[in-house]
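Chemist: The lines below spell out each chain.
Protein chains: 2
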Amino acid sequence: MKIGFIGVGIMGAPMARHVQAAGHDLFLVRNRSPLPDALIAGGATVCATAGDVARQAELIILMLPDTPDVDHVLFGADGVASGLTPDKTVIDMSSIDPIETKRFGEKIAGLGCYYADAPVSGGDVGARNASLTIMVGADEEVFARIHPLLACMGKNITLIGPVGSGQIAKVANQIIVALNIEAVSEALVFASKAGADPAKVRAALMGGFASSRILEVHGERMIERNFAPGFRIRLHQKDLSLALGSARALGLALPNTAVAQQLFSACVAQGDGDCDHSAMVTAIEQLANHRLGPTD
Amino acid sequence: MKIGFIGVGIMGAPMARHVQAAGHDLFLVRNRSPLPDALIAGGATVCATAGDVARQAELIILMLPDTPDVDHVLFGADGVASGLTPDKTVIDMSSIDPIETKRFGEKIAGLGCYYADAPVSGGDVGARNASLTIMVGADEEVFARIHPLLACMGKNITLIGPVGSGQIAKVANQIIVALNIEAVSEALVFASKAGADPAKVRAALMGGFASSRILEVHGERMIERNFAPGFRIRLHQKDLSLALGSARALGLALPNTAVAQQLFSACVAQGDGDCDHSAMVTAIEQLANHRLGPTD
Numbered sequence: 061m062k063i064g065f066i067g068v069g070i071m072g073a074p075m076a077r078h079v080q081a082a083g084h085d086l087f088l089v090r091n092r093s094p095l096p097d098a099l100i101a102g103g104a105t106v107c108a109t110a111g112d113v114a115r116q117a118e119l120i121i122l123m124l125p126d127t128p129d130v131d132h133v134l135f136g137a138d139g140v141a142s143g144l145t146p147d148k149t150v151i152d153m154s155s156i157d158p159i160e161t162k163r164f165g166e167k168i169a170g171l172g173c174y175y176a177d178a179p180v181s182g183g184d185v186g187a188r189n190a191s192l193t194i195m196v197g198a199d200e201e202v203f204a205r206i207h208p209l210l211a212c213m214g215k216n217i218t219l220i221g222p223v224g225s226g227q228i229a230k231v232a233n234q235i236i237v238a239l240n241i242e243a244v245s246e247a248l249v250f251a252s253k254a255g256a257d258p259a260k261v262r263a264a265l266m267g268g269f270a271s272s273r274i275l276e277v278h279g280e281r282m283i284e285r286n287f288a289p290g291f292r293i294r295l296h297q298k299d300l301s302l303a304l305g306s307a308r309a310l311g312l313a314l315p316n317t318a319v320a321q322q323l324f325s326a327c328v329a330q331g332d333g334d335c336d337h338s339a340m341v342t343a344i345e346q347l348a349n350h351r352l353g354p355t356d
Numbered sequence: 061m062k063i064g065f066i067g068v069g070i071m072g073a074p075m076a077r078h079v080q081a082a083g084h085d086l087f088l089v090r091n092r093s094p095l096p097d098a099l100i101a102g103g104a105t106v107c108a109t110a111g112d113v114a115r116q117a118e119l120i121i122l123m124l125p126d127t128p129d130v131d132h133v134l135f136g137a138d139g140v141a142s143g144l145t146p147d148k149t150v151i152d153m154s155s156i157d158p159i160e161t162k163r164f165g166e167k168i169a170g171l172g173c174y175y176a177d178a179p180v181s182g183g184d185v186g187a188r189n190a191s192l193t194i195m196v197g198a199d200e201e202v203f204a205r206i207h208p209l210l211a212c213m214g215k216n217i218t219l220i221g222p223v224g225s226g227q228i229a230k231v232a233n234q235i236i237v238a239l240n241i242e243a244v245s246e247a248l249v250f251a252s253k254a255g256a257d258p259a260k261v262r263a264a265l266m267g268g269f270a271s272s273r274i275l276e277v278h279g280e281r282m283i284e285r286n287f288a289p290g291f292r293i294r295l296h297q298k299d300l301s302l303a304l305g306s307a308r309a310l311g312l313a314l315p316n317t318a319v320a321q322q323l324f325s326a327c328v329a330q331g332d333g334d335c336d337h338s339a340m341v342t343a344i345e346q347l348a349n350h351r352l353g354p355t356d
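Sequence lines, in order, name chains A and B.
In this text, residue positions in the first sequence follow our numbering: the first is 61, and each later residue adds one.
In this text, residue positions in the second sequence follow our numbering: the first is 61, and each later residue adds one.
Be a bit skeptical, because a hint or two may be false.
The list treats identical chains as one, so a pair stands whether inside a single copy or across any two.
[Stated by the list, open to error] Capping the alpha-carbon separation at 25 Å, the derived lysine to aspartate or glutamate pairs in DMTMM-like fashion look like this:
(1) Lys167 - Glu200
(2) Lys167 - Asp147
(3) Lys260 - Asp199
(4) Lys260 - Glu160
(5) Lys260 - Asp97
(6) Lys167 - Asp257
Since the hints were made in silico from the structure, they are not lab data.
Starting from the given sequences, assemble the full structure and let the hints guide the process.
Modeler: Next comes the structure, spelled out in structure tokens:
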């Protein structure tokens, strides 16, 4: 199948490589920065514009940083929309605004084409290992048709509901992950400042109702002061901005998500925007004037 | 062994029964409300005061509602302290203030006796099944000595550190549980109001970094509107008060714990203080003017 892949960065490059390795013909768009050697060596065709990609490919995948990027690549000058003809399919695998996603889907449907949002979790490790979790918003027939292609890139692939639902699930995921990190931060800094060994507290809590992947993985990172990403604070901050922006548009309040966003901002202010999101604990430590782990 | 057991309510009664079933002689204190038939039938001795219990027993277990109750039973008129002689042991299994616990431990040590704090998690089901998680603050030799007795009542028994550490771990546990419930509440209400099926979102998130015992158990209760306790909001509110009181005394900030406490207060205001703590979702629903599940 002729597949366009726009956005071949840290996530997109290995995802595109898995698609190519499955036997599909790749169409990329020329970029200011060089395109990944592996994709070129694998026989990818380089097009001048996103519109050209859409003209040549039957299905176009996007993996871009944020909502305005997707908007620009789809509907800007020489964008994907300018090259679409009826019955082609667009899959947006970026993590972007759920409400804007519905609008994008309607505009693409208006051209006689199909749209699915399919954001992922699992990070660059998941992208390299083709083990991403993929949350899909699409019509059932579109989901059935694109499932084999998504299965080249991920393992846990779920149809949540109609277009936009994948992005909604991804935002919900990022809310829980951020707030569970915040919860473990408050609990371990409390325990440490009160005089207990946070490692022993973490171990004692692992078997009960406080147990979570975050207590297991990120709790350990906090104690060991291992803040190499992982998932960068800067990116999680973007995801919480999506959550808070959508919440405002929908008319609902997310009090602790708002606090977590501010704590990420405090981390960025300290120069830690490129640390793993478990470094949120350092913002709670500053509020406590107390360090959980040993001094560097 | 002669064991005093003070506080034979919903938790304490089955715990005391397990101790008695293991062959120990129980000493209880007369109460306004009748003492559990099973304990009396099992041969427990009923004493007039807590001081009398301490005079007759070698080891005294407390399982009381809150810090002032423990203070009163230990150090009030005819309290435990009035009946202690050197080398006896006091184990406080209540969930109370960690800082006050250190003070209580020092006063008991000043009488030539031993003190351990050993709060539990696992609720009345864990108490009945002798499967409680027990977090212990004690000297190592005291821990070794009381371990067989605690093993009559629980399974996952951890020495966290010196006296007070058990209560610190319990507070940390209650912080994480409350904040994970809050996180799942925000995420599911967001997803539902944005138009996705919260049950599908929960299922999609269970395999990834958002996974937790709370998403599994309490997320399902929120979706199914099953708010029968479980663990009552009123009790969790007390535990967060302990966390915030200790935090103020220690000089540290717990921003999301403070918000969660307010959300529990909103639930109590609605008359839901005796609902399961998963009903915190109803406070987030009120903030969103949107109900997650079907109307009753």
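Chemist: Flag every earlier hint the structure violates by its number, smallest first.
Modeler: 5
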